[in-house]
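Number of protein chains: 2
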Amino acid sequence: MLCRIRPLIALVAFLFVVPAFAQDDDPLPSWNDGATKQAIIDFVTKVSEPESGDYLPPKDRIATFDNDGTLWLEQPMYVQLAFALDRVKELAPEHPEWKKTQPFKAALEGDMKALAASGEKGVAELVMATHAGMTPAEFQTIVGDWLATAKDKRFERGYTGLVYQPMLELLAYLRQRGFTTYIVSGGGIEFVRNFSQAVYGIPPAQVVGSSIKTKYEVVDGVPTVMRLAEMNFIDDKDGKPIGITEHIGQRPIAAFGNSDGDYQMLDWTTAGDGPRLGLIVHHTDAEREYAYDRDSSVGRLDKALDDAPGKGWIVVDMKNDWKEIFPPKE
Amino acid sequence: MLCRIRPLIALVAFLFVVPAFAQDDDPLPSWNDGATKQAIIDFVTKVSEPESGDYLPPKDRIATFDNDGTLWLEQPMYVQLAFALDRVKELAPEHPEWKKTQPFKAALEGDMKALAASGEKGVAELVMATHAGMTPAEFQTIVGDWLATAKDKRFERGYTGLVYQPMLELLAYLRQRGFTTYIVSGGGIEFVRNFSQAVYGIPPAQVVGSSIKTKYEVVDGVPTVMRLAEMNFIDDKDGKPIGITEHIGQRPIAAFGNSDGDYQMLDWTTAGDGPRLGLIVHHTDAEREYAYDRDSSVGRLDKALDDAPGKGWIVVDMKNDWKEIFPPKE
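If you're matching them up, the sequences are chains C and E in order.
If you read the first sequence in our numbering, its first letter stands for residue 1, the second for the next number, and so on.
If you read the second sequence in our numbering, its first letter stands for residue 1001, the second for the next number, and so on.
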């Protein structure tokens, strides 16, 4: 019954292979060694090692990530806004009235100042006009086609290539340690779902986001879910803990953000009992990406930056903590 | 490098063990053999066997289950209504006005006729008054305490013991075959989340249901999500495809229900391309459970029963298809 060769092979393999493997086994190779990286590894280790006093079972290892500015770039404008502007141009021939109506006129003319002046209401109008009147499946096709061809001008690269390599490693590390990783985005839930699985390894059901209302109707005998030009839920600021409660039904033990829009998610997450991790990505690298915080209209980071030390939130200094910003170009 | 004993052991083991194993390996032992059981097994097999022409990858194997009347009993009243009535009695000393106000008066007096007369609006009022004004965590404690002690009068058994054994087997079988199983309930999402993991093996994040609004606020410096006495979403009828779209972000390939409230979920699910399964649990066993359909105020099954043959939905005849109704008493 016994096969005595195998254990010997295993022993030999262990002696020669494992030390080399251990050295290569840095779970966060794009993070520079230092306090930030160590704090992350310490937290993950203590909640996932059964012998640790802070051990938590996998079902409690819930981690939530903001998307814009935390997992991918958000400058000079949110990627979804770039998508909406391109959609306005695409749909303009069907809407001659847009040439004379704000915020569409500004969108068509690329007048970002007038667009900014239209405020959140204006942006919401653009989204409604370009994201509704179709099924979720049809919307997925439109977003997928756009992401496959649209390029960021500065980096001359598609947007799904402009995700942060250190954060991709962090997502993978957490999942490898039994965490379930969620996106909790102020952006549109269906927009993010388009690439979350392929780019982040996060399935559609683990994306929480802002949404427009949908309506169920039977069209020519075909059961159909139709996207409506009506806001349903804003998953930002106060909305993040509310969206998490509704979708996940558990308070996370770790939350990752980059702006004051993530403050409530960070605060609620880290106020829970037991081991908690709050982390803010601080954009400090104008050369390799962007440097912005308190005065930025996109991804403003002000109060959360002030309160981070008192709350025990880790602040990632992109310039010094990250070896790489984006994944290598294919 | 080769170990020649192992293949021999494996062959011997196969010859002697596998036939006996196969016999015991009925994934649905509480289902009587017949067309219903075979149709389920055929569907699951064809979508999960890589060599099948109908194979689908695990990410597409999404199955949604109604809860009341599909996974556990719903007669003589929804379990959550029994909970709400007990809560009204519990809270009555703080609300002397309830003795004179409907539907609370009816609830306190156990006057089911007057309660029925108050309609959905009355039931919603009871739910609001008894399910709000606390955090989700506090609500979980209250529901958990109640479920641990409340008993169904006819079966003299706690409600989590009055789940359908054949459906527990079906849930386990689907998951073993790479499906992700979701509850999509007209009942309250947080109510169902209380026992979904322990009883059905379904984690909180895989429960979709009706919900009341919540509010985020910082109370005495403590970040808090508070349940409000305001309806947020009704996950019934048209609401089921909408709730699935929002929470899961994918059209299921299999849906399981028992009433006209599940019609739209079944219709939308089975109208999709490729292999699809729709199944209705028909309550036909007055002796072991209940027999009801077209004329029942709880779990009315009328149009879905008429349309099932034309839509290709399987109708489970509880009396004849199920060997056992409930799990053995502990």
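No lab work stands behind these hints: they were computed from the structure.
Mixed in with the good hints there might be a few duds.
Partner residues aside, some chain C positions facing chain E, computed with beta carbon under 7 angstroms [unchecked claim]:
hint	residue
1	ALA132
2	THR135
3	PRO136
4	MET226
5	ALA271
Anything over 12 angstroms on all C-beta distances counts as not near chain E; from chain C, calculated [claimed, not checked]:
hint	residue
6	ASP33
7	GLU49
8	PRO50
9	LEU91
10	GLU94
11	ALA117
12	GLY133
13	ILE142
14	GLN176
15	PRO203
16	GLU217
17	THR269
18	SER297
For glycine and all other residues, C-beta sits at the position ideal for the given N, C-alpha and C.
Going through the hints against the structure:
Taken as an interface hint, ALA132(C) does not check out: its beta carbon lies about 14 angstroms from the nearest beta carbon of chain E, beyond 7 angstroms. Interface restraint check: THR135(C) against chain E, minimum CB-CB distance 9 angstroms, threshold 7 angstroms, status violated. Here the hint on PRO136(C) is kept, as its CB sits about 6 angstroms from the closest CB of chain E, short of 7 angstroms. Hint on MET226(C) is violated. Least Cβ distance to chain E is approximately 10 angstroms, over the 7 angstroms limit.
Hint status for ALA271(C): holds, given a least beta-carbon distance of 5 angstroms to chain E, under 7 angstroms. Its beta-carbon lying about 33 angstroms from the closest one in chain E, ASP33(C) satisfies the requirement of being farther than 12 angstroms from that chain. Separation of GLU49(C) from chain E is adequate, the least Cβ-Cβ distance of about 22 angstroms exceeding the 12 angstroms criterion. For PRO50(C), the shortest C-beta to C-beta distance to chain E comes to about 20 angstroms, beyond the 12 angstroms cut-off, and the non-interface label holds.
For LEU91(C), the shortest C-beta to C-beta distance to chain E comes to about 23 angstroms, beyond the 12 angstroms cut-off, and the non-interface label holds. Separation of GLU94(C) from chain E is adequate, the least Cβ-Cβ distance of about 26 angstroms exceeding the 12 angstroms criterion. Its beta-carbon lying about 30 angstroms from the closest one in chain E, ALA117(C) satisfies the requirement of being farther than 12 angstroms from that chain. A cut-off of 12 angstroms between C-beta atoms confirms that GLY133(C) is not in contact with chain E; the least separation is 15 angstroms.
Distance to chain E confirms ILE142(C) as a non-interface residue, since its nearest Cβ pair spans about 16 angstroms, more than 12 angstroms. At the 12 angstroms boundary, the C-beta of GLN176(C) stays outside the reach of chain E, the nearest C-beta of that chain being 19 angstroms off. Its beta-carbon lying about 6 angstroms from the closest one in chain E, PRO203(C) breaks the requirement of being farther than 12 angstroms from that chain. GLU217(C), annotated as away from the interface, has a beta carbon of chain E within 12 angstroms; the closest lies near 8 angstroms.
Here THR269(C) does not stay apart from chain E, with its beta-carbon only about 9 angstroms from theirs, under the 12 angstroms limit. Every CB of chain E is more than 12 angstroms from the CB of SER297(C) (nearest about 24 angstroms), matching its label as outside the interface.
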